[in-house]
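Take the given structure of chain G and dock chain S to it, following the hints.
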Amino acid sequence: GQQVMQIPQYQHVQEGEDFTTYCNSSTTLSNIQWYKQRPGGHPVFLIQLVKSGEVKKQKRLTFQFGEAKKNSSLHITATQTTDVGTYFCARRGLENSGYALNFGKGTSLLVTP
Amino acid sequence: NAGVTQTPKFQVLKTGQSMTLQCAQDMNHEYMSWYRQDPGMGLRLIHYSVGAGITDQGEVPNGYNVSRSTTEDFPLRLLSAAPSQTSVYFCASSYSQTSSGNTIYFGEGSWLTVV
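Chain order of the listed sequences is G and S.
Residue 385 is where the first sequence starts when you use our numbering, and the numbers rise one by one after that.
Residue 2 is where the second sequence starts when you use our numbering, and the numbers rise one by one after that.
Okay, chain G solo, but in the shape it has when bound:
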């Protein structure tokens, strides 16, 4: 399937610093979803972006979808220890694939107080 690439693989920040993870595709994406997985937990849906240039905010989290719909980013302002986890972007497939998700490999965020 068409892969989405995520960078960086790991990020270690001090509490209060900002954090950004990037998701890139070589082909145009119809949509991009973002998930958070806490250590030992399961992926939890955060948001879906479908429109070119779309920007959505959830409290300290800002999600962007590129104008060309080939990249996306998740930015966390003033990180907290509760932000620790792995953040995945995923492209949702077409109906003939059961709308299955194609995940990036994730960015693991560590926040130290």
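Be aware that a few hints might be false.
Taking lysine to aspartate or glutamate and the EDC-like style, the derived pairs with C-alpha atoms no more than 16 Å apart in a straight line are [as the list claims (entries may be wrong)]: (1) LYS489(G) / GLU60(S); (2) LYS420(G) / GLU60(S); (3) LYS453(G) / GLU438(G); (4) LYS420(G) / ASP467(G); (5) LYS443(G) / ASP467(G); (6) LYS440(G) / GLU451(G); (7) LYS489(G) / ASP39(S).
Across the chosen pairs, the derived CB separations fall in these ranges [to be verified]: (8) VAL439(G) / SER85(S): 39 to 49 Å; (9) GLY41(S) / GLN398(G): 18 to 28 Å; (10) LYS454(G) / SER70(S): 37 to 47 Å; (11) THR87(S) / PRO423(G): 13 to 23 Å; (12) THR461(G) / SER81(S): 25 to 35 Å; (13) VAL434(G) / ASN63(S): 32 to 42 Å; (14) THR16(S) / ASP402(G): 27 to 37 Å; (15) PRO62(S) / THR404(G): 28 to 38 Å.
Honestly, the hints are just simulated from the structure, not real lab data.
From the three backbone atoms N, C-alpha and C, an ideal C-beta is built for every residue, glycine too.
Leaving out everything else, chain S in the frame of chain G:
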């Protein structure tokens, strides 16, 4: 509302043994799928189902079988376990009406070790 329920949560198997990972959802979702998660690999799709009686292969189907006799249940079978199948397995489900805007719900995962 239980959501997506997976059992067992932890399992140790010997090479060559068979077992079934159970997955049930109570949200009347048509779409269900199984993913495996390995360190540094993200989540990879094993099998999926678009409705009762319909299943298809995902990215890494070898060594796994599935069936979907009811809307609620989507079991994953390992017929002859191999150490390469040591992984964390997640079941997921979602509504079918449209491909966008429908949240995908994940179960809590099943940690499988094959020795």
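Going down the list of hints, with the structure as the test:
Between LYS489(G) and GLU60(S) the CA atoms are separated by roughly 15 Å; this keeps the pair inside 16 Å, and the hint holds. Of the supplied pair hints, the one linking LYS420(G) and GLU60(S) is violated, its CA atoms being roughly 22 Å apart against a limit of 16 Å. Under the criterion of a C-alpha separation no larger than 16 Å, the hint pairing LYS453(G) with GLU438(G) is consistent with the structure, at around 9 Å. About 9 Å separates the Cα atoms of LYS420(G) and ASP467(G), which keeps this hinted pair within 16 Å; it holds.
For the hint linking LYS443(G) to ASP467(G), the alpha-carbon distance of about 12 Å falls within 16 Å, and the restraint holds. Our distance criterion of 16 Å between C-alpha atoms is met by LYS440(G) and GLU451(G), whose separation comes to about 14 Å. For the proposed pair LYS489(G) and ASP39(S), the alpha carbon gap of about 10 Å is at most 16 Å, so the pair holds. Hint check: VAL439(G) to SER85(S), Cβ distance near 42 Å, so the stated range 39 to 49 Å holds.
At roughly 25 Å, the beta-carbon separation of GLY41(S) and GLN398(G) lies within the given 18 to 28 Å, and the hint holds. Roughly 41 Å separates the CB atoms of LYS454(G) and SER70(S), a value that falls within the hinted 37 to 47 Å. Taking 13 to 23 Å as the suggested C-beta distance range, the pair THR87(S) and PRO423(G) conforms, at roughly 19 Å. Separation of THR461(G) from SER81(S) is about 50 Å and departs from the stated range, judged on CB atoms against 25 to 35 Å.
Between VAL434(G) and ASN63(S) the beta carbons are some 33 Å apart, a value that agrees with the proposed interval 32 to 42 Å. About 47 Å separates the C-beta atoms of THR16(S) and ASP402(G), a value inconsistent with the hinted range of 27 to 37 Å. Between PRO62(S) and THR404(G) the beta carbon distance is about 35 Å. The supplied range of 28 to 38 Å therefore holds.
Hint compliance for this structure: hints 2, 12 and 14 are broken, all remaining hints hold.
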